[in-house]
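Colleague: Chains as they are written, first to last, in the working numbering: chain A, 1 to 279; chain B, 1 to 433; chain C, 1 to 288.
Incorrect hints may appear among the rest.
Said to hold, decoys possible - When the alpha-carbon atoms are kept at most 27 Å apart in a straight line, the in silico DSS-like pairs for lysine-lysine are as follows:
no.	chain 1	residue 1	chain 2	residue 2
1	B	Lys322	B	Lys304
2	B	Lys246	C	Lys96
3	C	Lys51	B	Lys407
4	C	Lys4	A	Lys169
5	B	Lys425	B	Lys131
6	C	Lys51	B	Lys425
7	C	Lys36	B	Lys188
8	C	Lys36	B	Lys322
9	B	Lys90	C	Lys35
10	C	Lys4	B	Lys322
11	B	Lys190	C	Lys36
12	C	Lys4	A	Lys104
Note that these hints are calculated values from the structure, not bench results.
Please read all numbers here as calculations on a predicted model, not as lab measurements.
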Amino acid sequence: MKVLKKIGYIIALALFLTLTLGPFIWTFILSVTPEYAMMEKTSGLFPDMVIYDNYRELLTEGTQRGALLITGIKNALKAVGAALLIGIPVAMMSAYALSRMEFKGRKLIKNLLLITMIIPVMATIIPLFRLFVARQWLDDIFWLSIVYVSSYLPMATWLISNYFSTIPKELEEAALIDGCGRMASFLRIIVPSSYPIILSAALIMFLNTWSQFQIPLILASSLETKPVAIVVSEFMTKDSVQYGLTAAAGIIAVVPPAATALIFRRFLISGMMRGSVKG
Amino acid sequence: MKKKVLSMFLGLSMIVSLAAGCSGGNASEDTPADAENTETAAEESSDGGSITLMVPDWAIPTEEQLAEFKEESGIEVVVNEVGWDDIRDKMVTAAAGGQAVADVVEVDWSWVGEFYAADWLEPLDVSDEVKADMPTMETFTKDGKVLAVPYANDYRLSYYNTKQYEDAGIKDEPQTWEEVYENCKTLKEKGVCDYPFALPLNAEEKTSTYLMWLAYTMNGVVFNDDGTLNRDSVLAALQYEEKLIKDELVDPADKTSSGMDAYKRILSGSANFLTGPTSFVSKSTNEEECSVIGQIMPILVPGKDAKATVTMALPEGLGVTKFSENKDAAKKFIKWYTSADMQENLNASNTAIPTLNSVLKKLIDDGTIKNAGAMMEEAELIVSPFPGGVPSYYAEMSNAMYNAINKMALGEMNAEEAYAEMETKVAELVKAE
Amino acid sequence: MKNKILPYLLLAPMILIMGVLVFYPIIATFSYSLKKWKLTAPADIRFVGLKNYAVVLTSESFWYSFRNTVFILAIVVVLTTVLGFLVSVLLNVNVKGAGILLAIAILPWALPPYVNGILWKFVFSSGYGFMNKVLIGLGLISQPVEWLGSRWSLLLLVSLVVTWRSIPFMALVCLAGRQSIPEGLYEAARIDGGNTGTIFRTITLPLMLPFLGIGITSASVTAINVFDEIIALSGYSDLGKNILVESYLTTFSFLDFGKGSAVTYLVMFFAGILGVFYLRSLNKEVEY
């Protein structure tokens, strides 16, 4: 029984690894294959000749494409950073009010917030663009990141408020009796004990924001502001589909979020874990 | 301890975010100031000033070229590089908001009709001399108004692999479409090439344009004068494509892979015959892209009884947006950018193919463009197939056409049904005009 | 008195952001959908009431895309839930390197959807794709298969690709859910003589439902809003288009803003029905 279980686990693991990593490996192979060799009608999986030109070109800041990609990565990081710095505190304040305070309209506000999770970008993009034009917010990473915040605020607020409601009320009441104000008790009691969820909400927001395409395309596609996802898509142009280059750029673009996920992976789970357990 | 550090960090991030909120406020205060700056820049534009240029990467002039232009005219050019597909989206969104995305923008030939109908482009003045030397200008003209000046040439030219012809014992280059078909059959039968004909059949723009120029070079006409499809010509072209598909002279992969991939099959010897972009002249001599260098020959496009007497061009141009506040400077830029000297320069720096026939001729004659074959002769045959200029419903028409062709390729329809589907749609669009 | 204002003060930034960047645009889009507004006819913009909706709802093309959307939605939600749960079981095993496994599991999530589509196109390209090369190499097929050549196989592929990208989030919420169940509960159940099946039904499943709820919501939203992957795999072909592609084509390609906004609104209406359904299940857990 135990042996069977072990074999089952190994098979499942092998399957999982193949299916998850397979496409990445295949993309990597393509990224080092010369352009014409991709079109050849052979069943050979590996090219006769391996070229690292694509990576060389993309990772040298001196080349035009390299500069583009590197700026793209920087832009994406900036937008993600700004979105987190603004989004997380806003989500925490909302979550605190929604999970631990009684007031008129609480349920309505919460439902309205949650329902926005389902709204497609297409439904808001044209009026948003007009607004951005009128206020001169176009091509500005700060305002772009506020739009990101608006699309992930519902999910973040929901996760965090679930977590807050698991923190025993008594803790906070004790602080209130000690003469702390509501805000002080929020900052001293609630915030410190909920860092796992905060980190996990931040990581979720990071991963979702990193891959944004349509929003920045319309609102911030200038050279100084466009994120890496757009840069990568631009390697596939009307008259030259540069598969090798696109593949290489795709691989490079995955590195920052993957590295972040690797570092903070622990919090991803522990943060969400307490979400539903009653205090 | 750890918790304390973290809570401090979080507290800090709250403060930072508050500060960010404040700086956000500042930013919005800053913006009007910026706006003033740009306004002053606009005012200066009478004696120089600055314009924005939105084009795909291949159209961006080098820094030296731009510096030269600035010295000459005093106008500074701010470049905004946007992917080709995305430029149209941006134009559309911006124009819907009553805004100029840039002063000078890329205008593809296929956008001319809708941009004109939507009134987004400023008519340009072009001398008759230039018009006469630039056959693709016709494509950018609507109701006698020139809406953009072509800067990159692209017209249909045929290519075939000479070595494969030798291997199969075929002597002469094909003169007619029927010969192309027969030769492809021979190539396949003799085992020289499995899928000799490169034909885009995927549901995309290239599939529609292929049908258009096939019909055009085969029968000299695609559309009737009222804009509807010419039944005899288009149906014949569709049936020709159907025949190629049925006899498996076209790679099944062409049905779903991108049109560019279908074209590129000739560069690896997987296809023998291609009618496609002029850029394949230089691609066929580029070691990185081509594994059969020296075997690909650019020739005149075949026709019905002999070589075709017309060919279709798919050029790209530059236009000035209606909402632009620096129209004069923008027009100066376009004039400079499309001048004979610049076209020669751009060929060297961006491999752009000149739109002025005189420049093209010069580059071919002095050997700058290698392996040119019939490139020059073909350039003189460019005539637009659209009787009233590119129609405003082009995008919707092309969508209906490529979807019908794709369905035919996948075996869901025969040529007659596919034709009927596109004919109905086009008639509907013409009527709605 | 002060405490009455405090919650609203705390909510103010959120309300401001959502109000300006989500609710205002949504209302504006609705007003567009009631107009005849074609960019190629700038002189003829006028109020037409619900006519755009009538035109869209009677067009065959809309219902075709609608069926495609429903198909993708069904496959993605079912597969993401089942596979995401299975992956979470795998990740829950305490072995050396479990952290690395977790990081690997997250990888697909970090991929921009458009890049994701291209990546899978490399695998399933009809001619020189990975799948065909492997199958030919193994001698299972002699001719390359046209994976993207028919409606249902294309849609199935799109669904699989989207599933692949949505599994990580589902796996993570499931893992969080699974780990939040106190071991004591299981021990007690085992002492009471429960077998694996009953334990799963009486303990694991009910306690994980709230987590599954958020996972399924997220998967559904993703599935309805699939766009980049379809474009990367099949372009703007009629074959695989869903309502979102239809809406994009109408608005941005055919420049009919009125009709396009109506299509977008119908997508939202459709998603909204699901949304209400989820709200109920989400709220249940939140209200202790």
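Colleague: So which of those numbered hints doesn't the model satisfy?
Modeller: 1, 2, 3, 5, 7, 10, 11
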